[in-house]
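Undergrad: This is what each chain is made of:
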Amino acid sequence: MSAIEKQRHILDFTLSSLGRRKSKNIALVTVYTFVLFLLASVLFLTDSLKKEAALILQDAPEMTVQRLVAGRQDPIPKHYIDSIKGIRGVQSVAPRLWGYYYDAFSGANYTLMVNAELNDPTGRVIIGAGVARRSAAGQDILPLGKNDVIPFKTYDGSVLTLKVAGLLPAASELVTTDLILVSEADFKKIFAIADDYATDLVLKIRNAKELATIAAKITQLHPDSRPILREEILRTYNAVFDWRGGVILMVLTGVFFAFIILAWDKATGLSAEEKREIGILKAIGWETSDILLMKFWEGAVVSLTAFFIGIFLAYLHIFLGYANLFEPVLKGWSVLYPNFRLTPYIDAYQIATLFFLTVIPYTVVTIIPSWRSATIDPDSVMRM
Amino acid sequence: MIRLQDIRKVFNTDKPNEFVAIKGVTLTINSEGATALKGPSGSGKTTLLSILGCMARPTSGRITLNDRELTSLPERFLTEIRRETFGIIFQQFNLIKGITALENVMIPAYPKGEKHAALKKRAMDLLDVLNLTDKAYSKMEWLSGGEAQRTAIARALINNPAIIIADEPTAHLDTALSKEFMEIMRRLKAEGKTIIIASHDPIAFGSDVIDRIVEMRDGMIVPSGDEP
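Sequences listed follow chains R and E, in order.
Number 123 in the working numbering belongs to position 123 of the first sequence; there are no gaps in the numbering.
Add 384 to the 1-based position in the second sequence for the working numbering, that's all there is to it.
Honestly, the hints are just simulated from the structure, not real lab data.
Note that CB positions come from ideal geometry on N, CA and C, so glycine has one too.
Take these hints with a grain of salt, some might be off.
[Unchecked claim] In silico negatives: residues of chain R with every beta carbon more than 10 Å from chain E: (1) I4; (2) S16; (3) T33; (4) P75; (5) I81; (6) S83; (7) P95; (8) Y101; (9) I126; (10) D196; (11) K282; (12) T353.
[Said to hold, decoys possible] Here are the simulated distance ranges between beta carbons: (13) E:W526 - R:K24: 35 to 43 Å; (14) R:I261 - E:P586: 37 to 45 Å; (15) R:T375 - E:G408: 24 to 32 Å.
For reference, chain R alone in the conformation it holds in the complex (with noise of 0.2 Å):
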């Protein structure tokens, strides 16, 4: 005698129950399911969004610093390096070039940036997955490659040809997908910066903890000047992409909230059948504790079930897939869209979240109605 035992043959009658009502126990996991693996794809992509962009901006500039006029980013004169240079702390201050340009013929924006391996020879460019791809798109024609030309329209009118030296790495496409190097030269073909201007300048520090102090100083000595760190940078990628997982969410509220009709419906209203059965299962010897005991079985049989093929099926729609179902909302880059495969990241957190929010509701809810039936008197099933 032993309450493992006790514990075994009431699963063991549990399970032959659910199969005795196939049907009805099939469309209840096939929904939940569903469920879950809607929410649980939107915690994957979210994470994993914020991880990767976390991973890629590890080896971005510790600081960078813009010029504003009237409250708008304005190209920053190259003397500001001098005085920069100087703070105690600063390892040294490159200036950047880069902007964006709307191409008219493909609909849309790129980002271009200068890179000093361009420079010579000049005339080339390279470019990342999403500009290949959309340059191609609508035509029937190949994504572009190595040594096809972009036309690029310039300040003045006239057009520029530049020809594709190289593609970015997939592995970075989430946030160069829509990325043009070109050399320096071209680059103020197309935009007419003057040579002692640049768009930004990027420091490097050494030492993490004096970021703030040197931030202030360089606000002090240039009250036109704006520091941007890269943590402030990570924060808005996650805020953005807690937004975008939050847009999402509300959509599927909706989703969810109709399952929990469903389920309350399924779960809670007891047939005439199973009430039947209760009754039963008192008159020959079950205790109340046995019954509510077989129908805690019932709904944690059923609700873990959906719950890790929900979780499965959302690993492999992430990680697997693409995140077909999402992917306009969450990854999109004005019109062009990364095509990337993600690192898959579980953070354990979220798993026990939502199964606190789905697993653990929906067992007490069907032991509710099964506890109003296990009270009743056992010898309503003599006049069955």
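Go by the hints and put chain E onto chain R.
TA: This is chain E only, laid out in the frame that chain R set:
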């Protein structure tokens, strides 16, 4: 020995449809032998049987089982007594659909936490005694009336109870099967079990297995020379 003292059972108390099913029954049933509760439909047989089998509480009166007062026991203890002391055979058999005869027989023992192998062996032995070995793995809905009846008997016996309670056990059986049922009761009586049967079928209460007939009408025991 079961002793009932001035038992009353009222349904829907203080409601317009209040109904008194048992009106002050006093009865003693000895530990050995077979007793039949006889009477027409609505005479209170089934209600009295429910009270005897600890499935329902009386509205007033006292019940003692082997000098142990049952009336005031909490539900948990009543359930334990019902499981350990009584084996109940219902009029409609009340087997659970969709599972095998063997599982149906084993169910009353599940809460006891007995080893599965030992429990299964006991259930198989009972099915064997009742000539149901080849039906052990048949689902309940595939069984004939007689087989379902015998499965219900096996289920009632799985916890080796001292008292067998049967409510209209022959109501859904033909004459041959009804006689077969009474033969099984004879064997159980010979093993020392107390048999209490509620029936208005002469094959049941008229059988020589029955030692004593208690006649009921309108919720009361009809006085006779046979009464204590």
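Undergrad: None of the hints should be skipped; say for each whether it holds.
TA: Against the structure, the hints come out as follows:
Distance check for I4 of chain R against chain E: the nearest CB is about 8 Å away, which does not clear 10 Å, and the non-interface claim fails. Not every C-beta of chain E lies more than 10 Å from that of S16 of chain R, the closest at about 5 Å, which undercuts listing it as non-interface. With a least CB separation of 24 Å from chain E, T33 of chain R remains clear of the 10 Å interface cut-off, as annotated. Non-interface call for P75 of chain R relative to chain E: holds, since the shortest CB-CB distance, roughly 79 Å, exceeds 10 Å.
Once the 10 Å rule is applied to beta carbons, I81 of chain R is consistent with being away from chain E; the minimum gap is 81 Å. The beta carbon of S83 of chain R is kept farther than 10 Å from every beta carbon of chain E, the shortest such distance being approximately 83 Å. No beta-carbon of chain E comes within 10 Å of the beta-carbon of P95 of chain R; the shortest separation is about 79 Å. The beta carbon of Y101 of chain R is kept farther than 10 Å from every beta carbon of chain E, the shortest such distance being approximately 69 Å.
Under the 10 Å C-beta cut-off, the non-interface status given to I126 of chain R relative to chain E holds; the minimum distance is some 68 Å. Interface exclusion of D196 of chain R from chain E stands, the closest Cβ pair being 87 Å apart, more than 10 Å. The claim that K282 of chain R lies off the interface is violated: its Cβ sits roughly 7 Å from the closest Cβ of chain E, which falls inside the 10 Å cut-off. The claim that T353 of chain R is not at the interface with chain E holds, since no C-beta of that chain comes within 10 Å of its own (minimum 36 Å).
About 23 Å separates the C-beta atoms of W526 of chain E and K24 of chain R, a value inconsistent with the hinted range of 35 to 43 Å. Distance hint for I261 of chain R and P586 of chain E: a CB-CB separation of about 56 Å, inconsistent with the stated range 37 to 45 Å. Range check, T375 of chain R to G408 of chain E: about 28 Å between beta-carbon atoms, so the 24 to 32 Å window is met.
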